[in-house]
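Q: So you can see what is in the structure, the chains are spelled out below.
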Amino acid sequence: MIRLPRFTYHAPRTLAEVASRLADAPGETMLLAGGTDLVPNMKRRQQVPRVVVGLKRVEGLRGIRNGTGFTIGAGTTLTDLVRDDRVRAGCPGLWQAAAQVATPHLRNSATIGGNLCLDTRCTYYDQSYEWRQAIDFCMKKDGETCWVATSSPKCLAVSSTDTAPMLQALGATVRLVSASGERTVEVADLYRNDGMAYLTRRPDEVLADVAVPPQDGWRSAYWKLRRRGSFDFPVASAAVAARIDPEGRVEQIRIVLGAVASRPMASPAAEALIEGEVLGDDLIARAADVASGVAKPMDNTDYELVWRKKMVRALIGYALRDVRGDDTGPLRRALARQSLLDVR
Amino acid sequence: MTTPRTIGQPRRRVDARAKVTGQTRFADDVLLPRMLHGRLLRSPHPHARIVRVDTSRATAMPGVHLVLTGDAFPVAYGILPVSHDEHALCRDVVRFVGDPVAAVVARDEATANEALAAIAVEYEPLRTFASPEDSLAHAEPRIHDYGDVGNIHKVVALEFGDVDEAIAGADHVFDDVFFFEGNTHLPLEQHACVATKDPDGKLVLYSSTQTPHYVHRALAKALDLPAAHIRVIATPNGGGFGGKSDPFNHEVVAAKAALLLDRPVKFCLTREEVFYCHRGRHPVLMRFRTGVTKDGRLTGVDLRTLLDGGAYGSYGAASTFYTGALQTVTYQIPRYRFRGCRVFTNKPPCGPKRGHGTPQARFGQEVQLDKIAHHLAIDPADLRLNIVAPADSLTANYLKVGTIGLAECIRTVVDRSGWREKHGRLPHGRGVGLACSSYLSGAGLPINWNDLPHSGVQLKLDRSGGVTAFCGATEIGQGSDDVLVACVAEVLGIAPFDVRAVTGDTDLTPVDLGSYSSRVTLMMGNAAIQAAERARELLAEAVSAKLEVPQARLTFAEGRVFDAEAPDRGLTFREAVCAAEARFGTIGTTGSYTPPKSPARFKGGGVGPSPTYSYTAAVVAVEVDPETGWITVPTVWIAHDIGRAINPVLARGQVEGSVYMGLGEALMEEQAFRRLPPRLSRALVHKFPSILEYKSPTSLDMPEIVTDLIEHPDPAGPFGAKEVGQGPLLPIMPAVANAVFDAVGVRVDEVPITPEKILKALAAKAAGKPARTGPAAYPENVPWPEPLHVTPPWEGGDGRASNTRASSGRKADAGIEATAGVKS
Amino acid sequence: MTDGKVRLRLEVNGEPVDLLVDGYKTLLEVLREDLQLTGTKHGCELGECGACAVLVDGEPILSCLALAVESEGARVRTVEGLVEHGRLHPLQEAFADRGAAQCGYCTPGILMTARALLDREPSPTPERIREALSGNLCRCTGYHQIVEAVEAAAAALAAGAASATPSAESGVATPAGPTPAGGRR
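Top line first, the protein sequences correspond to chains B, W and V. For the first sequence, the numbering used here assigns the number 1 to the initial residue and increments by one for each residue that follows. For the second sequence, the numbering used here assigns the number 1 to the initial residue and increments by one for each residue that follows. For the third sequence, the numbering used here assigns the number 1 to the initial residue and increments by one for each residue that follows.
Honestly, the hints are just simulated from the structure, not real lab data. Hints should not be assumed to be uniformly reliable.
[What the hints assert, rightly or not] In silico DSSO-like links for lysine-lysine, alpha-carbon gap of 30 Å or less:
id, chain 1, residue 1, chain 2, residue 2
1, B, Lys296, V, Lys5
2, W, Lys687, B, Lys141
3, B, Lys309, B, Lys296
4, B, Lys309, W, Lys294
5, W, Lys765, B, Lys296
6, B, Lys309, W, Lys765
7, W, Lys687, B, Lys296
8, B, Lys154, W, Lys765
Chain B with its partners taken away, still in its complex shape (with noise of 0.2 Å):
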């Protein structure tokens, strides 16, 4: 069996602590939510941290609140989320980028804050420490070089999360808390595309809770490539939000790409176009080329590039079509290979 390093644990009760036990080893300790992410990455020893922090204890961190829109606790399993009939009626896209996380497993474990700050893979990163010996490391940990492309100056590693990229586009916020205060950023502006420094939460906060706006009037939908109809991550993704009028006028958009970048990556150029537009075929086609203009797949993840970047233009498409109103069902079921319709 593979086996934890071993690390100092500690499991606070509030927030506070959990931000003094940042504050005295900041980049030594980690924060352990669901585990799903950070237990394998420690038992590969990606991610070696001397003092792990259990956040399960922490009072208040599960849950979803009714507010202006909901503020779903960072501590919300993505199983809750799935059966949580707000969110299922109110924002159908947060609904099915859950449901397509990972496995139903997982899912029970697995947070939305830890989702959130999920670290980004790469085929040359997630990998034993043996593996990685044998082939001198990468930049990302112990090593020089990107293997993925070997001039380049950053790491490459792929933004690999499902509800990052489509709670950008529903426009969602965070809170961060430290031990010196608190503040709320865009998830937009939660990540910066370098998959070693993919987010700007400093290593002294705490992801507290994420914010949706109200969705009234808004249509979202997200859709998700991988190979098989669970277990993967995604490896292309689309998350589509939109305020359409009766006329089916777009007043607003937002188009985010997940699994393309080291970060999820918006398209304000497809955006532009559409709004002000009614979604014809033609129109969806010209967007989809323009969204997947900025989606920059390297070979570092399943499926050939070439084809993943081709991928990319067509889920535009379908999460499009699908706000617009169509019956996608069966696109659906193909892609997902199953209706989503069963996951609960």
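Based on these hints, arrange chains W and V on the given structure of chain B.
A: Relative to chain B, chains W and V alone:
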């Protein structure tokens, strides 16, 4: 004989209760007092000379009991006598990333891991051989100092009749190149073993092995111990599929450590290490040149295969022959030439996976038949029905076809699937494809060539009325214990639950060669029937005397032995055993099975013979999105000629499990490697040695499966049964490829068939290029020897070769009988 | 807490457990090694196969990813705890009768997952069963006999398990319902 009461009835398998309660004791579940834990240090280099190993720091660490290196293992071993090329720990050279160089035994795994990190190994890197092309082009440095020439492990060439003449005289010649990517077994259970000394001081090894008999032999050789002082217990395997059929490094190291320390030592491999053990499907490049008459009959087939063998021999010599062995048992091929070449590369060794060596060439053959049918405008089902091999015949390469239900299988799937209304008639993007296959019901020759039985069964009956059946067969999930119990229960007329199976234990059970080549049901089953019939005779004689009823009138059924003409007159089974025990003393009988001799008398003819062959036909439906290449398989219809289903619940499970694994191979599974840029690195690593990235279909990825078992009892099989564990996998991959063609008109001439490849072929078609994705050519630089010429039976041949040179290189006469070798 | 031994109190299969475990261990390691409950299996230890699924407070989770220390106070149920009052659970009966366990290695994880499903949803559709089990890899069966067994268990539970299922010890139970051979799913 009375109507069977157990055979053919859907039953709860005998080991089901253990499995559903978590009580089945797999190897890693063996917990012994004072047990220590071992770990292997594996090479980070694909090919390197070991200059120095310094274990001093590791040895000194608290909790470390033993550190071993290659020095402790001077004797080589291997599964085939012709390739004893493995040492438990590498001595001079490491040959792939993952090759073990040292071992630590410690109080727990965490301590052992820390000690591994403290071992310093100095390596001198050698040239990396990443592909067969590399190995064909560069003879030096040699990965092994044996093999036919340079880095070519094995070249073989066989010709049955004048193939060039047959092809020249054909109306059409089809010449196609195909590639089948390697893939691995991925049993859910990782390999594990526990070695210990028994109280007498003899070695005991519990291991997740499919072949305890061969592990027994390997331990005796590698550790230089008398085999009689070694006991190998095969724990039930948590899946095998061929991946646990070789003796493995960790087994030999654990045994050595337990002997040295006189304490139990456990090794349990990580999933990554299981990928390095591999022994899975060889990547095979192949070229089929086939002559065809205008009405779709084959005049001759000229097949070349190129196998990427990885770093060791394993079963590879046999695998090479198997790529060319079974083409002839499905269809009439009047003349046939087969040339196969296996090269060494610096990757984990390939070996036998479900279908062993035959699925790759089966893929090529079945896709080519689809191309032929399309070209000649003949329905692919009709084309095949016209050329099905005849029953009770000899093939061009001297394989004996007995019963053959292939035509019925084809008709069944054609009817069930609505093939006639669908093939060529569905809207663009939807299609159906058909393919067939055949597989051995056990290899006709043993690995260690001898005249001994392949399977033995002993029965113990006593006054309790209980029966214990002992057999060396190994339960790997396929239900071999259930077959054993069912055969004995049927003959003795008792309930299966009254028979206890003791299996896979070299101290307690007579030899059975192991769970490979789909041999267990047929061979163990026949041995079990013989043992049970002998017991029944003893009981019948005793009961006959006691009841004064002629033996011929006695019936064994429902736990009684009674007069068929006066059923009230009889004894309970327990009373019958008591009568026999009183009359003859302790009751014990044996049965054994040896396959019939093959009519093949040429070198290489040892691979392919079987007591009987199973046959399968499948129709696969696909939906392909022409915009993206995205492929969905909604339904598979499959019919399998099983002879007779011993337990239909399990038989159906084997068919559906084969379809599952076949779809994995068809659509997603790849044992693929990554070569880093050679100017920067020598690294050659497994792309993704994890269950997450090695893609295995989930419950959401499975289509509907419509299964038909075609039952016409085969005289060679126990109660008429043939194999069912491997054959049904074979048609799936080509049927998917053929369905893709039917759906969107392009050929994917390689496996796996992915959306990228479909889209590439569609793009090629749109650009006016050949509408296919696949390999461009078969290499010209394979140093083929002059083939062995064997005249087919219908041209007056007697099964012998008319010439003697069988192989190029230094060892022309050294015996390329792939499953044959030293006499023992 | 340190990297040494940690005191752990929890409930396993209805019984209180109080032990000292290595702080780096997962729940999986504690169950198999410290409590010798080897019915729970492991196939990857990275959350990629589902073999180690157990119920924690009624929900199936992967024990290979759960720190043992985080199970303090939890109610854990493993395959060893499926048999109650000396009787196999209807899921166990159905799995045994319908070929749902071939090698049996993924079986404990699947049984626990199915148990949680039926506890929450007594009569799931086949599609729902497939979704609920989509985190459990099985390399032997192709899943159909597993899905059928869960359906059959649901039906048996609905009918009153005690009267509807054959005895585990008979060894000759004949599955009811669809023909085992020539099945169509």
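Q: Work down the list of hints and note, for each, if the structure agrees.
A: Results for each hint:
| no. | hint | verdict |
| --- | --- | --- |
| 1 | B:Lys296 x V:Lys5 | violated (47 Å) |
| 2 | W:Lys687 x B:Lys141 | holds (18 Å) |
| 3 | B:Lys309 x B:Lys296 | holds (7 Å) |
| 4 | B:Lys309 x W:Lys294 | violated (45 Å) |
| 5 | W:Lys765 x B:Lys296 | holds (27 Å) |
| 6 | B:Lys309 x W:Lys765 | holds (21 Å) |
| 7 | W:Lys687 x B:Lys296 | holds (21 Å) |
| 8 | B:Lys154 x W:Lys765 | violated (39 Å) |
Hints 1, 4 and 8 from the list above are not met by this structure, while the remaining hints are.
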